[in-house]
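Residue numbers (my numbering), protein chains in the order written: chain A, 1093 to 1606; chain B, 18 to 333.
If you're looking for bench data, these hints aren't it; they were derived computationally from the structure.
Don't be surprised by glycine CBs; every beta carbon is placed ideally from N, CA and C.
Misleading hints may appear alongside valid ones.
Claimed, not checked - Which residues of chain A face chain B? A partial, calculated answer using Cβ under 7 Å: (1) Leu1199; (2) Glu1202; (3) Val1335.
As the list claims (entries may be wrong) - Pair ranges (Cβ atoms, derived): (4) Pro1189(A) to Gly90(B): 39 to 49 Å; (5) Asn215(B) to Gly1206(A): 21 to 31 Å; (6) Asn215(B) to Asp1548(A): 53 to 63 Å; (7) Val178(B) to Glu1157(A): 33 to 43 Å; (8) Ala112(B) to Trp1466(A): 37 to 47 Å.
What the hints assert, rightly or not - Stretches of chain B that chain A covers, calculated by requiring three or more beta carbons in the stretch to come under 8 Å of a beta carbon on chain A: (9) 192-204; (10) 207-219.
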Amino acid sequence: MSSPESGLAVEMRGVTKAFPGVVANDHVDFSVRTGEIHALVGENGAGKTTLMNLLYGLIHMDSGEIMIDGKPARITGPRDAIALGIGMVHQHFMLIPVFTVGENVMLGREPVIGPDFYDRAAAGRQISDLTKRYGLALDPDARMGDLPVGLQQRAEIVKVLYRGANILILDEPTGVLTPQESKELFAVLRDLVKGGKTIIFISHKLKEVLEISDRITVMRRGKVVGHLTTKDTNEEEIATLMVGREVLLRVDKKPAKPGAVAFKVENLTANSDRGVPALKGVSFDLHEGEILGIAGVEGNGQSELMEVLAGTRRATGGRILLGDKDVTSFDARTERDAGIAFIPEDRRGTGLVLAYSIADNLILGRQRAPAFSWHHLILRLIAIRDWARRLVKEFDIRTPTIEAQARTLSGGNQQKIIVAREMGAHPRVLLAAQPTRGVDIGAIEFIHRRIVQERDEGTAILLVSAELDEVRSLSDRIAVMYEGHIVSFETPETPEERLGLLMTGGGEAATGAA
Amino acid sequence: MTAISQILHLLITANLWQATLSAAILLLLPALGGVISERSGVVNIAMEGMMLAGAFFGVVADLAWRNPWLATGVAILAGGLMALIHAVVSIRFRADQIVSGIAINIFAAGLTVFLVNRIYGLQDVGHVNQSELLPNLNIPLLDQIPFVGQVFFKQNIVVYVALGLLALVQIVLFRTRLGLRIRAVGEHPQAADTAGINVYLIRYGAVITSGLLSGLSGAFLAIGISNTFVPNMTDGRGYIALAAMIFGKWTPMGAFLACLIFGLGEAIYANNSTIAVSPYLLSMLPYLLTLIVLAGVVGRSSPPAADGIPYVPGSE
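The whole structure should be built from the sequences, with the hints applied where relevant.
Structure (structure tokens):
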């Protein structure tokens, strides 16, 4: 306690916070040593972010106490937290896209000349001081919205440092980063710790946690279920604590037995929402009984590719063949009728009607099928109910009733509704975009198993994921996309470094690919 | 042909431009208010009601105390109080800001008619004496400049004040710390809050300011341009100011240019006796101009990102 090296930077005792219907933090004890990187892990909804929002003063605890640097602290708002040297980099960046980097960093503590004039020159100087000191290059006059995500995050960190933070909270900082950007971030974090800062790192990616942290606190359902020392633990132990049972982290699958070509894409081109070319001539074959994974940094045409294939975006050129049928100009309904199923990346916006019941969501897009409606006019409610009950059971959707609104379910269970609907139709081709994004480890395990099972039954599966680990562990072949092209076809054994290089436009394409 | 040449002839008279500037200022004040309010993230369509309240209470005060300055103060305060209602409803209670705005406009119309009946019975409200109106002010020497002198330097005192306010708001919003914070709150209140800025304080301040400015505009209308209160005398000017704000892309200078276009239409209409076109057609002019310009010239204009969204602390 006497020397800052061994003392506690943060100590939270018996912290409780209830929201209507749920206790988000239930007598949580949490402590962080000065100068360490402390990982706070847990599934979605475990209460990690709530705990950190309490520490940062964004919300207020019902009971409990907080000590900062050994002294009791009253934190009634972010202002108090900032004054105590606490800074938070939020999962959803707190940046204003139309402001400059300088304005974003300075906001709340702006340099001023004269009566109240914002001093842009002083802002620039302060930022270049900070960026030099911590080795974080940034242009203070760049418009924030024009910067890539990695640099935006860097601006968030600079923003926190500018406020004099000694304790940095990073909420899921790597969720939006490429592997390279994550490596850079880790280097920055290590430098910061060397410079005397304390870091709290919220994550559910166990590999990263093991790589970067000194100690780990695990939360489950609002409670702390484990304090671990990183060098004495492993992925399996953390995962078991997080989920509350043993979890299979590896995808267990037999070698693929690819059959005939089910889906043939030839020289496909399409535009993005902004009207600029997003696909610049994509070609591949997808075989029955194989999983083709697409690796790439988000925004390199993967989303557009999936939408064109699913019939929700128009191709500007090229061909799509399902078997020997040309389906290029099919709309979403005819594609679906032809046997193409689609798990869209935007679960809440595109995948579900949140205000509909689970049962209604489970027949969405198939309401015209004779099994579910009489001459497309009258719904067969009993058949729909039976169907929904079957899928809820088969896909382990945790809900009290099939009549519950989809919005009342957790993200993982919402995702299972979509997976159940799309796989329940036994499609010929399954297009899976980010099938496990924002989903708990338990649900990820389940969805992965179902995807592999579907493959073994002969479905041709195209997988897009921002998680390189997911692409590598599920896929039988990997196509790397960069700026609207497939730059290389790789095997799942390809090292992560090589994939990362290809994803950012470097590296040589594998020979004999495609 | 004759009508067009008559209008063209009108366009080179200083009288027309003097009237244009005066009409534009009447719109500019509430438009500035709208810019400030919406830049802070609170949609404000209640300038009409705030203006009307300002006009009414300004006249009442002027008739009672025979002092235009005091009356103007009362008008400004009345506008501010109407704005406070909007602020409490939409910031504190997070109600739909459009609905709140409509309610205030209807409330102001009803309240003023009711009070006119209550205070003055079936008679007229009465007229304010010439000497108790907000005065016209000729700037010595400058008003002698041909054409320009009449347009810019023979105006009501409110016109000069409003032009000063225009410059002030433009500078404050885009050059000062306060402006940076107002815009931050309107773009991303969570970001502002986490940076230690008091989101509610800024929003209350901005909304109330919009009421003060609208109230001043009401005073200008009732005891500057006119000399009495007539029910519903604002005649949709608060809404035109709203259009000017959008048209001006939520910037003070942009809104001013838009107000000038509307003001020109109004000035041409006011001079309709010299033009051989139905005055009804002429009265459509400002609105037609808006449609044409909005459709073709300005392109898409986008409001502040968090405009109209109530702020809930701790939300994402």
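Hints versus structure:
1. Leu1199: 4 Å, holds
2. Glu1202: 5 Å, holds
3. Val1335: 25 Å, violated
4. Pro1189(A) to Gly90(B): 39 to 49 Å: 41 Å, holds
5. Asn215(B) to Gly1206(A): 21 to 31 Å: 23 Å, holds
6. Asn215(B) to Asp1548(A): 53 to 63 Å: Distance hint for Asn215(B), Asp1548(A) holds at roughly 59 Å.
7. Val178(B) to Glu1157(A): 33 to 43 Å: Since Val178(B) and Glu1157(A) have Cβ atoms about 55 Å apart, the given range 33 to 43 Å is violated.
8. Ala112(B) to Trp1466(A): 37 to 47 Å: With Cβ atoms ~44 Å apart, the hint holds.
9. 192-204: Held - the stretch 192-204 of chain B has 10 residues with a Cβ nearer than 8 Å to chain A, which meets the minimum of three.
10. 207-219: n = 8 at 8 Å, threshold three: holds.
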